[in-house]
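Based on the hints, put chain C in the right spot on chain A.
Taken in sequence, the protein lines are chains A and C.
Quick note on numbering that gives the first Met the number 0: the first sequence kicks off at 0 and runs consecutively.
Quick note on numbering that gives the first Met the number 0: the second sequence kicks off at 0 and runs consecutively.
Honestly, I wouldn't trust all of these hints.
[Unchecked claim] Here are the simulated lysine to any residue pairs, SDA-like style, with alpha carbons at most 20 angstroms apart: (1) K183(A) with K303(A); (2) K205(A) with A283(C); (3) K183(A) with I214(C); (4) K205(A) with P279(C); (5) K183(A) with D216(C); (6) K233(C) with A506(A); (7) K183(A) with Q215(C).
Treat the hints as calculated values from the structure; they're not laboratory data.
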Amino acid sequence: MGVVALAGAVGLQSAPQLPSLPSGVPATSGGAPSVDPAAVLRQYCITCHNDQRKTAGLLLDRANLQDVAESAEVWEKVVRKLHDGSMPPQGLPRPNRQTADALAAWLSISLDRAAAAHPNPGRTPALHRLNRAEYTNAIHDLLAMDVSSALLPPDDSGYGFDNIADVLSVSPMLTERYLSAALKISRLAVGDPAILPVTETFAVNKYLRQDDRLNESLPFASRGGLAIRYYFPVDGDYVVKIFFDRTYDGRIRGLSDAHLLEVRVNGERVSQTTVGTSADAPVARGRGSRNVDVDGMEVRIAAKAGPAVIGISFVRSVAEPEGMLRPPYPVTSYEYAGDATLPAGIGRVELRGPYDVKGAGNSPSRQRIFVCKPDQGAGLRAEGSRTAAQGLGLRAEGSRTAAAQGAGPRAAGADEACAKRILSTLARRAYRRPVTDADLQPLLAFYHQGAGNSERSGARPEEPRKRSEPSGAKGPPRVRFDGGIEAALRRILVSPDFLFRTEHDPATPAAGRAYRISDLDLASRLSFFIWSSIPDDQLLDLATRGQLRKPGVLEQQVRRMFADVRSRSLVSNFAGQWLYLRNVNLVSPDPVVFPEFDENLRQAFQTETDLFLDSQLRGDRSVSELLTADYTFVNERLARHYGIPNVYGSHFRRVTPADARRNGLLGKGSILTLTSYANRTSPVLRGKWLLENILGAPPPPPPPNVPALTENQAGSTPRSVRERLEQHRANPVCASCHKIMDPLGFALENFDAIGRWRAASEAGTPIDASGVLVDGTSVDGPASLRQALLAHREDFVRTVAEKLLTYALGRGVEYYDQPAVRQIMSKAAKDDYRWSALVLSIVQSAPFQMRLSSAPPVPDNSAVRPSAR
Amino acid sequence: MIVTKKHLPRRTFLRGVGATLALPLLDGMVPAFAAVGASAATPARRFTVAYVPNGIQMEKWTPAAEGTAFELPPTLQPLAPFRDHVMVVTGLTNRPAFSVTGEGTGDHVRAAATFLTGVHPKKTEGPDIRAGVSMDQIAARVLGKDTQLSSLELCLDSNELIGACEAGYSCAYANTLSWRNPTTPLPMENQPRAVFERLFGDSDNTTQAARLARIQDDRSVLDSLVAEVTRLQKRLAPPDRGKLTQYLDAIRDIERRIQKAEEQSAIALPVMERPSGGIPSTFAEHARMMFDLQVLAYQCDLTRVTTFLMSREVSPRTYTEIGIPDPHHGLSHHQNNPASMAKLAKINTFHVDQLAYFLGKLKATPDGDGSLLDHVTILYGCGISNSNEHTHDNLPILVIGGETKTGRHVKVAKDTPLTNLQLTLLNTLGVPMDGLGDSTGQLEFVSGV
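So that you can see chain A by itself, here it is in the shape it has in the complex (with noise of 0.2 angstroms):
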């Protein structure tokens, strides 16, 4: 286009008569207003910005307005400190809003000219390492399994994120524990009937009260107790053990009233036993609270192979205890941990098994797996019946022989041919794209070895396989088959093309080009994007047809996925690293200053705001109503705990409460407590996640040698927080931040720093939740900090948009992506910033769409030339 290839093409030199640039010029092509950008910045910038002064390094009287595609990183620069009025600082003379406006948009209308231009897409880097959360959803959508995301370690995150490519590594621990993944998770997926018993311990937290329902698996009438998600591997027995929940010096709490434990699978009930003192159950008799016969119980349960929800709790008694209603200690207290008299709790519970295997069964992995049966004749359905097994065994053997012998027949034929195509079918998932000879050749030496043929792989192992297991070579043919599947589907979760996304250049790369990236490529950066997984056959398929770009297909697609369940990733994986929430997990108030803290009141914390987030983005409001949705999700516990009046029982429900200080997401006791200390509440804290995560403008590290806050001595009369961080701002190095970071967290100094309302202080003095920001907007509270936030729409917006590209794109959001960002916005603007609408302009946008291809090789550097000897 060219379009601002002006003329007067001297660029900004050093000389004093700059080249004033004809205002009208930009104009003409569009929309740009009427500023003299050459003019405004001599007039203001380049006093201090200059080759001689130097300052901050920035010399725009060097950089070229000419053309501000060459110089685009300083000019994104000036841009964003234009917007957030940073620039020129306070007590110089500034332009007035209205040229520094249009100054900004001159420069970035001129900026996203050159873009569109020459787009500069950036360089996703060409491997990216799927993080733990893509591998177990990986593995979900691939084998219809959940795996524990304790199977590998946690990643490490960059910008915010744990799904940066370049930060992504491998080490040798890391791949030790990717092939015991495999393992295990090829296992369990094909249900080895010769498995070997293993124990997994569930624990239940300490600080959990369990007075009440704990979760919506388990029944309505329940108290207590844990709902253990558990893949079982066969169909066969499993023992659930049972351990009571005990005081510190070892007494099983409870004992002394009667208990009805009950056990259920996926809701059936398998075992109702009563447990502590009644006519039935006399083992506590005479003995009190001491006895331990009842504990590690244990209730053998025959199970179906795959996914199931097992059920411990109590069923809840409906008559309400005789006497004076004790008020309830606090569950860190030493008479909480030393109380036997509490109703009966679980501690942990253990699960083993399988014991006495009847068969793989018939679960939804195999179901997934097994896309064709080998042709063994009618006996062998899945759950293949022994005798027929056994019979064909012979038949099996025989045709082994014969296949080493090259005569090929029928039965071994058609056994490859049906392990082919559920090699094939699962390697096309797995590695998100069609699939090759030379991707199946070593699948199937795995088939082979595992199925106990491997005299016919030609593969790698140089010795027949000796299995240990009745699985190997001498076990009938069906889980001989099995095995060979197994074998080959552990190889398939170890292979680069499953763990790693690759991004391959062009065949005849034009090094430093933008290009478009293929389908395939598209469609893995779409469901990793969306859905923190692999593609869908749907998206496979348009990608190898090459119709994911027809008009319409892809904003349909993009529809598509949003409204799927697998999006709930956006709340989990994006918005839960975006705002910090997945620190919930981690914050441990006081006990001392907040004895009502419990693990009951943490959990309700983060479903409150997983239900919150959910509705808002998977419900296509728009973002900033983030900040102001009038609604909250709650429980009896939560409830009490915001004074929420009439809400009764433990599931959780929409309410819309009667004042406004819940609204939005400053509101939600997850961020204000993770925005807290542990024993007082942070405006210093809560203003900088403010200004991190709401308003993109991070403020930078404190000086070194800052004193920090003096903290209340003990003895002298306390302080409020306001009365401390004010005299830290005496302090001019600390004010110039400060002045900006902590009138938005006084805002909310009416939550305490477990998200409680309160009108009075750790002082005991009112709470005065009075200040000035620093664009000057008075604020006295939350509902006035959501206004002035609101004011700043834009800015929170920009933010979100920037947090999303960085989690779409897996790397850094870079000056050469603002032109994106801000059609990425005012696109979304069109649908008043909805969800959708972000992440649909996102995945239009260059740097999703396309890639730079790689830079030439460095000349003179022999070490990484093409080997040619």
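Below, chain C without anything else, positioned relative to chain A:
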């Protein structure tokens, strides 16, 4: 259906080389790998680093007297039974942790990132992290030649805290002490179960035949992976190959390990318990379980180097189990408030308590002509002395066990680099080195005089 209780011993003993090692915290009976140790004739040299964060109350740590006649100060009292195995070294300086002009805060992160590297880390939150190879890894290259794992990196904190890394520094700097090379920090493991499985395998069947079968399975997977990764690598532009090179290196590491495992597969197997999943609920339980696992790893000679980040810098952990509800980092900025300082000293002592537990275990485990304590050199300490002011001089450092001249308090000359001590330790361990980070020479007193 209710089934009556099945007997399963809750406490078993490890029987290896005549040792009886109780593992009260480990649960879930499985037979597992063997204990061998190096042959009795030539006990192996081993090296452990244990790090504690957020500074130390030095007035409760520093012995009054120098030389062999020193008395253990309050914080080091838990080490009384091992006094003669302990050398208190005071006065060392970690200059690479100082901020350079314009760099600003970040003293905690720099303390951790420099502690074993002696190299000033690059201030960045992005992927371009850079420090130096850490001395535990230098030791591991030599000491780990004959063991399945060249080193074991452990921690207790979850590294999942978001937005909590110190201003301007990547979390990677705070989450580990170990650097394989200047750009590759090694992740640390905090789940006992995962450490156990790393040491002894995740197989539930540990008969020799099953293990050999597993080794062959692993080997064929790895072989075929090497072929595939190499092929994939060729299709990438040279600058893009880094990550696959990491993957290949990791695979080769594991191949080497499998090779060792196969060579050592004939070893007789004692019965041992495997930790249940999850993180123990108290700091002490967790720390002791991790120390147990290190003793096991040494006893079975699966590795000769362990690095243990007992808590990471800027850790806000609260120690309610010893009556301290305040977050550790907040407390460490004590403003000279006596109450805060007393609490901090209590945490310092609590950490040393756990160290004493480890020493007790080592001492109770025979190795060669003595105990493991005689053949493990331990470096314990922190990269910050006065936490209130973030000072990196006069560091709290202990050298314990091994072939060092312990049973003394040594005060070094002002500005003596911490790396001088580490350089000396490496040479003592039979890892000859001329320099390390900002080192200026060896400290003769460590093994001589």
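Structure-inconsistent hints, enumerated in ascending order: Violated hints: none; all satisfied.
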